[in-house]
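Protein chains: 2
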Amino acid sequence: MKRLSISALCASLVLTVSAGTKLADATGYPISPVPFTAVKINGGFWAPRLEASRTTTIPLAFSKCEESGRYENFIRAVHPSESNKVDGYPFDDTDVYKTIEGASYRLSNFPDKALEHYIDSIVEIVGAAQEPDGYLYTARTQNPSHPHRWSGQQRWVEVENLSHEFYNLGHMLEGAIAYYQATGKRRFLDIAQRYADCICRNIGEGEGKLRLIPGHQIAEMALVKLYTVTGDRKYLDQAKFFLDARGTTLRKDIYLQSHRPVLEQDEAVGHAVRATYQYAGMADVAAITGDSSYIHAIDRIWDNIVGKKIYITGGIGARHEGEAFGDNYELPNATSYNETCASIGNVYVNYRLFLLHGDAKYFDVLERTLYNGLISGVSIDGGSFFYPNPLSSTGNYSRQPWFGCACCPSNISRFIPSLPGYVYAVRDRDLFVNLFVDNSAEINVKGKKLTLSQSTQYPWDGDIRLTIDKGSADMAVNIRIPGWVRNSVVPSDLYAYSDSLTPAYSIKVNGVAVDGTLDNGYFSIDRKWRKGDRIDIHFDMPVRTVKANPLVEADRGRIAIERGPIVYCAEWPDNDFNVHNIILNRNPKFTVSEPLDILGNIRQISTPVQALSYGDDGSLSVENKTLTLIPYYSWAHRGEGDMNVWLPIELSAASAIPPGASSREDNGFFK
Amino acid sequence: MKRLSISALCASLVLTVSAGTKLADATGYPISPVPFTAVKINGGFWAPRLEASRTTTIPLAFSKCEESGRYENFIRAVHPSESNKVDGYPFDDTDVYKTIEGASYRLSNFPDKALEHYIDSIVEIVGAAQEPDGYLYTARTQNPSHPHRWSGQQRWVEVENLSHEFYNLGHMLEGAIAYYQATGKRRFLDIAQRYADCICRNIGEGEGKLRLIPGHQIAEMALVKLYTVTGDRKYLDQAKFFLDARGTTLRKDIYLQSHRPVLEQDEAVGHAVRATYQYAGMADVAAITGDSSYIHAIDRIWDNIVGKKIYITGGIGARHEGEAFGDNYELPNATSYNETCASIGNVYVNYRLFLLHGDAKYFDVLERTLYNGLISGVSIDGGSFFYPNPLSSTGNYSRQPWFGCACCPSNISRFIPSLPGYVYAVRDRDLFVNLFVDNSAEINVKGKKLTLSQSTQYPWDGDIRLTIDKGSADMAVNIRIPGWVRNSVVPSDLYAYSDSLTPAYSIKVNGVAVDGTLDNGYFSIDRKWRKGDRIDIHFDMPVRTVKANPLVEADRGRIAIERGPIVYCAEWPDNDFNVHNIILNRNPKFTVSEPLDILGNIRQISTPVQALSYGDDGSLSVENKTLTLIPYYSWAHRGEGDMNVWLPIELSAASAIPPGASSREDNGFFK
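For the record, the sequence lines run as chains A and B. The numbering of the first sequence is our numbering, which starts it at 366 and goes up by one. The numbering of the second sequence is our numbering, which starts it at 366 and goes up by one.
Calculated directly from the structure, the hints in this document are not laboratory data. Mixed in with the good hints, there may be bad ones.
Since the list gives no way to pick out one identical chain from another, each pair is judged satisfied if it fits inside one copy or across any two copies.
[Stated by the list, open to error] Okay, derived cross-link-like pairs now, DMTMM-like style, lysine to aspartate or glutamate, Cα gap no bigger than 20 Å in a straight line:
1. 954 - 982
2. 478 - 880
3. 574 - 602
4. 954 - 981
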C-alpha cells in the first residue's frame, strides 16, 4: 500500500486528496476540490464561526462524550458482561469518531499537542474494544447476550437498535482518515481498516458471505474514501456492492431507501440523512467508475428534491416521523423537521454534483443551505444545537448543548471546520470561485502555484475583492454569479422571486469593467494573471420577496424575504406585536439596517405591516406597524417565542387573534 | 283491467292513489299521501307561486313546445323522410308530456275546457306518431336511417343521442296517467300503455328479448305508477327487471348508475337526476314487494347524500361535468351545478323515504330543498328558469324563459302544481302534518272524513293555526317539528348550527298548552278531535348561523345564515359594496325586517360587517358596513351581479379587492 505524504493528504472533509496530487484522479471527479487546508479564513462572516467551532463546539463535544459514557462503552467492551447494558444508542460510538474528525481538521490549522495527545488516548481506548477479527461495535461486544453480529441488518423491526454496525464503520473510517491526514499517525486508521476488512470478509456476494446492506449509508461514502486513501480496490467494490445490493435484499424499506434498487430510484424518500449519504456515495462511485447510470439516478433525485422537497432555507426532510422526506410539496412550516444533519448531507450531495457537472446551480443550493438551514443548527457561540430546524414557531424551541442522540452536534463539529474546502475548485486551467468568503488560499492551477485572497463582508454586502497575491498563471477564473442575482431561487419549480427586481452585478479587473456572458452560472475571465491583479466583484443586494409553488399548501398567500443568500424571519424580541398576526403591504417596501451589535453583527430588515386582531366587539382591527426581520439562522438566541419565515401577504393566509386568546386554535368562534 | 273512478284517481304527482281508496295498499307504503287534489292552497307563501304556475309557467311551456317544433316532431314522424332531421334533442318529446302532466294537475283545481281541448289535440298528434307495434319515439321514427331501435341503450358513446327511448316512455306514462286522472279520458293513457307493452314485449329476460336498461331511470318510477293505475303486474315486473338488470348488462357506466348492481350501491354517483329517479323507483318497488334489500340500499345512499353530498340549499349534483354528484364533500359554491331537476328528484326520494320510514328527517331535507334550491329554479313570476343553481356568483347568471334542453322548465311545470300533495299524510289513525302551508284540506282518517285548515305566514314567521273545520275523529295529530327547531340542520355530519341558540316552540290545543315528547321528529297529540278544535303552533324563528364540515373546502372559514327553513344570501342590489369582500363580525348580530314590498314580500336580514379592500398604498382597509341579506331563492331577479351564500367569518376565507381590480384573480401582486 502506497504511503502518501501528510501534506498531500490534508484534504477536505469531502474528498480525500488535494488538487494536483496524483491521487486526485483517483476520485474520478472532473473537477477537483481545493482542500480546506489550502484556504485560510481571515475575517468576515465565517472567521467567528470557525473560531467558535475550535474553541467551543469541539471541546464541548469531547467533554459530552466523556460525561455521557461514550468512552466508557469502549472500556466495557473490553470486559463483556451480562450486567453491562448499552448506555444510550448503539451508534453512540460515532459521536467519538465524528468529534475526532472535526478536531483533526482543526489540528491542520491550529497545531495543538495537548489535543493530539487527548485523541491518541481515545484511540487507544477504541482499539482496545476491537474484537480479534477486527469487529468493532461496542453495543454488541460489551454484552454477549445481544443478538449475534449483523443480525440487526437482517431483521429490521425486532433488533432495530443493533442495525448500526456499518454506520459505525462509516464514521470510524471518516474520523480515522482525517486524523491520519492531520497527524500522519496510522494507529486509528489501522483500527478502522481492520474493521473494514472484517466487513469485507463477511459481507458481500459469494460463498460464505452475508448479502446485507447498511441501515445507514455513511459506510458507502467512507469506503470510497478509504479506497482513495489506500488505493485498495476492494473497499470501492464493497461500497459498490452495498449500493447495488440495496433494494435487492429482503430488507425492503422506504425508510432506508431499500424499497427498490438505487438505480431505479427517482424520488427522495425515507430518512433524509441516510438518503443524502446514499446519493453522495453514489456520486463518489460514479465519479470513479464512470458509471453514468448512477449519475442519471442522482440527477433525477436532485430534480425531485429541488423541485418538490426542499425548504427555502435549504432544509430537507419535512417529516418528524421517520426523520423523513415528505410527499412532493409536503413542506409544513411549524412542524418542519429539517434535521441539521440532513442539511449537512444536502451540502455533500450538491458539492459532489458540482464536481461532476460544473454547474453553479448546485452551489446555489449549497449556499442557500449553508447560510440558512445548516448554520441555524448551531448557535452563534458554537455551544448549542438544533436537531430540527422549523420555519415557524410559537415557542418551545431552543438550542440544546447536547442530545441523547447526538448526531447533530457531532456532525456540526466535523462540518464547520471543513467549510474552507468549499470555496474554490479547479479543473485543468479553470479556477472556480464558488463561495464569497474572506480568505487567503494557495492553489495549484495546471502546476502553477498561486496565492490569492478574497476580501469581503459577504453576505452582508455584495462587494468582493479577489487579489492575486503571489504567482502568475494563464487561466480562466470562473466566478459564480449566485442564483439570487441570476433571478433563480434554485433552478426549480418550487420557488420564484415574486418581486420584479433584477439585481445588477459588475466585475472589474484592475479597475476596468469586464463584459462577459454566463456559462453554467459562471462569469469567466480567461487571461494571463499576474501578482497584484485584482478582481472587484459587485452584486447589488436588494431585499427580495419569494413565493412558493401554490402546491405547497403551507406557503399559500405568503411570501418569504431574502437579501443576498440570507433568508429572513420575523421573531418576537424585535416586534411588540404577534409576528404571526400580520399582513404585509401588497407592495412591500423594505429598509436594511447598518450592521448591528446583536446576534453577531447582523443586518435587520424592516417593512410596514398591519397587525390584525379582533376587538371585544368581534370586529377586525388593523393597526399600522413596522415589522423587523432578522436572518433566519440567528433566531432563537433570545429565548423561546414566536418566529415566522413565510409571512402572510394575502388575507387567506392571515390570522388575527382575538383579545385574550393565546393562539389561533383558541380563538373562539368555531371549535 | 279494473276501471277506477276519476275522483279516486286524482292523486298526487308522486303516488297515484289517494289515501283510503282500495288501491292505496297497492303502493305498499305504510304511510299514505293525502293527494294534492284534496288540499287547496288559500294564501300565504305558496298561493302566488301556484297562481304563477297556472297563469304563466304552464302556458309558457306549451307555447315554447309549439314554437320550438316539439309538436312538429310528432307530425314529421307520421311521414318519415331522410331529410327530416331531429330538431334539438331526442328527448324533446318529454317536454310535451311533462307540460301535459303539470296542466292536468291544474285542471283538477281549475277546470278549463279550452285547455282540455288543446291537450286533446296534442294527444292526437302524439298518437299519430306511434308506430303500429306501439313504438313511440319521434327521434327515430321520423328518420329511418337513424340507428335501429334500442341501439342507443347498447352502445353508449356512438349513439348517445338515441338513448332516451325509455326516458320518453317514462314521462309519457306520467303525463298520460295524470291526464287520465284529471279528465277520465283514456286516449293518451292507451297510447302510452301501448308503448309500455311494446317495451315489455321486446325488453327483459327470456328468449327473443333484449336485456337492456334505461339510460335514464324515469321509466322505472312510471312503470310502477302504471301498475298501481292498471293493476297489471307486468309493469311492476318490468320496472323491477330494469332495476335489477342495472349493473349486470354490458353498459357499465357510473354516469347512469350502471357501474354495479343497484343493491350494491352505497354512494350517490353519476348524473344526479337519473340517480334520484332510480332511488325513487327502488323505493316504489320496495314498498310494493316488501323487498328490504332495496330499502337498505337506498337508506345507505341517503346517508351518503345528506352526510357528504348535499348543499345547504338542498341542491345536489355538484358537478357541471356530467350533471353529476361530485366526490364526498366536493361542494364548490361558484361552480355548483345543482340542477333544478335534481332538486325535484331529491324531493321525490325524500318523500318516498318518509312514506316508508315515517321519520321527520326526510321532510327536513325535503323542506330545505323546497324553499331554497328548488324554487330558486323558477322566477317569482313563474316565467323564467335556472338550470344550475350556484351558491355564489360574480355575475353571468340569469334565469331564462326556456332552454334547448328544456327539462328544468317542464319539470317545474309539473312539480309546482303538485306541491299541495306534500302537506299531509295518513297512516291508520295517524295524521301527519308535514308542511306549514296556508290551506284547507279534506282528509280521510280511518274512514272519518275531516275538513281542516292551516292559517299561516310560514316561512316568514313560525305561527300556524290548524283548525278542524268539519267532522270529528279519534286520531293522533302528528306535527313535524322542523329540523331547524330541533337543532338539526339535516341529520348529517355535513352541516351544524354554529350559534348556540335553541329555538323554543309551543303547541296549544284550544288555547291550552300541551306537553309532549318528540317521536321521530313529530309532536303527537292523540285525542278525540271535533269541529272547531284548533291547534296553535308556535316556533321561535331566530336568525341562525351554520357551518359546514371542515372537509368541505369551499366553505372553510365561512358561515351560512338561515331563518326558519330559508337560507339567505347577500346580493349586490341591496349592498353598496362588493358582497364577496367582507368579513362578518365574530359574534354576528342580526336584524330581521318587516315584510317588504320587493321580491314577493320577503323579509330581509341585516348584520354589521366589515368591507375589506386595499388602498392605493397597498395597505388593507376595513370599513364598517351593514350587510343586507335576502332569501337565496329570490336572488337574480334584479340583473346579473355578485351573490354569495357562504360568507367569510374567518380571515382565511376573506378577500379584499384592490382599487380598480374587478375580481380577486385580477388583484395584482401574484400572477
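Checked hints:
Taking the shortest Cα distances, residue 954 and residue 982 sit within 20 Å of each other only across copies (11 Å), while inside one copy they are farther apart (33 Å). In the homo-oligomer, the alpha carbons of residue 478 and residue 880 never lie at most 20 Å apart, since the shortest distance is 51 Å inside one protomer and 96 Å across protomers. For the identical chains of this complex, residue 574 and residue 602 are intra-copy neighbours only, at 14 Å inside a copy versus 73 Å across copies, given an alpha-carbon limit of 20 Å. Taking CA atoms no more than 20 Å apart as the test, residue 954 paired with residue 981 passes between copies only; the shortest distance there is 14 Å, against 32 Å inside one copy.
This entry does not satisfy hint 2, going by the numbered hints stated previously; all others are met.
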